[in-house]
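*Asks:* Top line first, the protein sequences correspond to chains V and H.
No gaps in the numbering here: position 300 of the first sequence is 300 in this note's numbering, and each next residue is one more.
No gaps in the numbering here: position 109 of the second sequence is 940 in this note's numbering, and each next residue is one more.
Treat the hints with care, since some could be wrong.
Sample of chain H residues facing chain V (criterion: CB under 7 Å; computed from the structure) [said to hold, decoys possible]: (1) 934; (2) 935; (3) 938; (4) 964; (5) 1024; (6) 1030.
Far from chain V, by Cβ distances over 10 Å, these chain H residues were calculated [said to hold, decoys possible]: (7) 900; (8) 932; (9) 941; (10) 947; (11) 978; (12) 985.
Everything labelled a hint here was simulated from the structure, so no lab data went into it.
No residue lacks a Cβ here, since even glycine has one placed at the ideal position from N, Cα and C.
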Amino acid sequence: MTHAPSDALPAPRDLPAGAVPEGDAPGLENAKALGLTASEYDLVVQKLGREPVQVELAMFSLMWSEHCSYKHSKKLLGTLPTEGPAIVLGPGENAGAVDVGDGWTVAFKVESHNHPSAVEPFQGAATGVGGILRDIFALGARPIAVLDALRFGEVDGDVAHPSLAPSVTEPSSGVGGAGDTQAVPAPSIGDDDGESGRRRSRFLLDGAVRGIGHYGNSIGVPNIGGDVYFEGPYETNCLVNAMALGLVREERLIRSAATGVGNVVVLFGAATGADGIGGASVLASAELGADDADKRPTVQVGDPFEESKLVECSLELLELDLLVSLQDLGAAGLTSAASEMASKGEVGLDLDVALVPRRMEGLQPFEVMVSESQERMLCVVTPDKVDEVIAVTDKWDVHGTAIGVVTDTGAFRIFDGDAFVGDMPIPALVDDCPLYDIFPEKPTEPIYPAPPRRIADGLPAGDALLALLASSNVADRRPLFEQYDSIVQSRTVRRPGQTDAAVLMVPGPASRFSVGGGDAVGAGHPSPAPEAGSDAPAGGVGGGAISGVGVAIDGSGRRVAADPYVGTVWNVLECAANLACVGAEPLGLTNNLNFGNPEKPHIAWQLTEAVRGLGDACRATGAPVVGGNVSLYNEGTTGPIYPTPVVGMVGKVPDVSITAPVGFAAEGDLVALVGAFSPQLALSEIAKLQGGAIPDGLPAWDLERTAAAIAAVRDTVREGALSSCHDIAEGGLVTALAESVLAGDLGATVELSPYAQDDADGRASLFGEAPGGFVVSGTAEALATLAERTSVTVIGTVGGDGLSVRCGEQTADVALSDLREAHAALGRLFA
Amino acid sequence: MPQFPGSCDEVDALLAAGHVGDAELLWHRDRDLKGVDAVVVPGGFSYGDYLRAGAIAGLSPVMDAIADFARDGGPVLGICNGFQVLCAAGLLPGALLQNADRRFVSRQVQLSVETTETDWTAAATEGQLLSIPAKHQSGRWWAPSELHAEIADQDQIVFRYAAGGNFNGSLDDVAGVCNEGRNVVGLMPHPEHAVDALTGSTDGLVLFRSLLQGARA
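Starting from the given sequences, assemble the full structure and let the hints guide the process.
*Replies:* As structure tokens, then:
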């Protein structure tokens, strides 16, 4: 590909005074069809001093959509804590970044691709990964990891063990939905009702997992963790959230602000096509209807090979110091990328759509401006460096083209060759979208139907445990994460399934060895692979500790549906607890708020309460918000999703060789229940399997005390004192015990008195759920040390080939092989 | 070590090779191998692998030079996509098809060293079990029965998946093979991801250390 020599670079255009763009104004009705309200349209007319022409209307409708303007959530988000000692880059840039020591920063962000994935799961999920990766390398950071949070409708057709089936196959007597909603059909085993929905959920799961794997595996960024939940309200509106981390020296972080009048705007990467026109921006701002198939052409198609070249090219351009600023093209394509850059730099732009390389003929100027074709980047370059920039892009086959110039007009002016087709004040596009108050009101009736009953009440504890282990929200995630490359880039010290949070060495393995330094390193480093449990320091070369980060992502929606404030706090605490198990101290947090239509009072209430909880939990755990994303209008044909604030947390690990695995590690170790833990059956996974309705409200607990317990566990893990450490989540204490038995391939014998409130028979003590509890194993001395800082109850010993539990009237004796068979239940979904 | 657009394990391989000597990347458009003593063709998805795994990389300029190097007896190791590339380029026998279940699988596997008579296994012992990660979607080694019999006969099967570990459906549990000259070896699992106890295992180092043995027995 050839390019214009420097003397033909785009220059600011001289226009006669009073020149206005060509073409007719499409008018109010078309504006409404594009999603603007009548009053918003009036405001656009007022800002322009005339009615918008086609390009302008298309651009305003996107920039003023919920997706780009956050017009219903911006006021709430302003209440979140965003400052802390480790914060290098807070909200506002493509991603946030935290200081991880020695001048290195980790950039990270989570983002949703829900509606595209509900329409076409493979491409929707794949481009979700591609999009979040671009946010990371747009900062100049090399992407080093991906995580994902997935939510689908129910996939379980029946119970794994028919003997556990309820004798009465009616739904629990709990709650109907809010009137007409019936997200989950009345269950009865052997009945086909609901099977089509479950089949669709399995299809969405399979497609999303394949799509995430396809993109991440191909581009060479490890997928190091995630979570997945299956709940009825996600059946017609699944959630696909992807988080990415990147690594960059602090001084090499690049911003996105366009500056320097006369500087040139260069587009590089894939050519522009019609894919995604009206895609995410429109899709993301309207509830999904029955005609989803009609929206298929608007879903973007991802190309990880193109993106892999784009990463290398972008990082090389920055390494050579050739760029003024860099920005990725995501939702709303060129429109959003260019106007955000101009807004941050408080400049104007002249842009010629005729110069934009196309992959199809006949695109209209407005289509070029709003196309969401994937794998494109925009940069601002001083005129003297344009040739060099284009040469680097040619080297990587992501040919760059100068398409515009920075001006002092404060206006975004669009040309199509010589034709003048658009002229908008940048602040009007970016800042002047009206922000709306939302009107929260706690619903008087339950919003969600009770889940289908899968097991009888009062099953013997062993049978109930097996049913839990085989249920989709608890079963082993290995069949999913085995489809992802978790080790490429050689940073992954703890892979999925080994520890509650993933652990990466940062900056990386290169600092660990004298690369090219002869055979002393190789030959002198024959230490055996660490046993799954021992986690003894692996002998860092040179004796110095290898530092790194721990990363986790969490966000159960069901608990937030029960109590948006308490449930959200719980999600943040769970993330912090996961980090504690690998000795990671929170540095910052990113969040994706997945909610329904905020214009409805009960959704507004969920959103408001959740953000309040998020803020309180951030302050308690010391993890300020570095950025995130809001995904509203997640409502399918059967009602809103569970309110789902997904939280991704990054923490500092001073020595990555010292972490505590999930699995029990040594026969004879003591097993202890640790932390400020007050479990309740009301919202538990066992209650869900029994068809229990979602409770109205959850008991609050002492947030500071729980956070202090988590910190105590973290510090003890850091001392290398614990053999294993696993936080108690879905399925309660007995499930956590079983998971530690399974991961360590070592049994345990446990006996304890009921300790939960109002728990005469021990059921709530074993199966109840709450934040802040851990199952820990280690020596008596190690547990005594931990007991100085938080509650520690020794409940048993490690050993044997099964799990044996006594608590009040509850007894369970289950062979390891039976636990393993039940836990492998998800495998059949991918057979 | 050639770097193709779309390679992704080349830095890992560079790091692994760095345990035993100096290592550098070779750009896919170059023909100059810069006088190296050995070549590792890395894993990844060269050129996107949209046609067929390894198909395009096999035609690249750098592969011409690597083929000459191999024919002259230079040690060449193909890992994962690199194995696919070497098969596509005719430097190694057999072909790599989609896994039996057509899914990408990432898993730690046990490999059995079947012969130490190659440039890349000289430092191992026959029957030694190596714990090494595998991660691929097209790793099912296959050859027509005559070719299979021939390479089995000539001891060209270098690695097999240990009993019960053949997750991709490879013929005869084959995980890696060598050429007649025994200087070119390819395998699907990733020895370069098994060079550090911190990240899981050091069992892969033996391949790189084998180079230091120099002449084979």
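*Asks:* Could you work out which of the previously given hints the structure breaks and list their numbers from low to high?
*Replies:* Checked against the structure, the only hint that fails is number 8, while the rest are satisfied.
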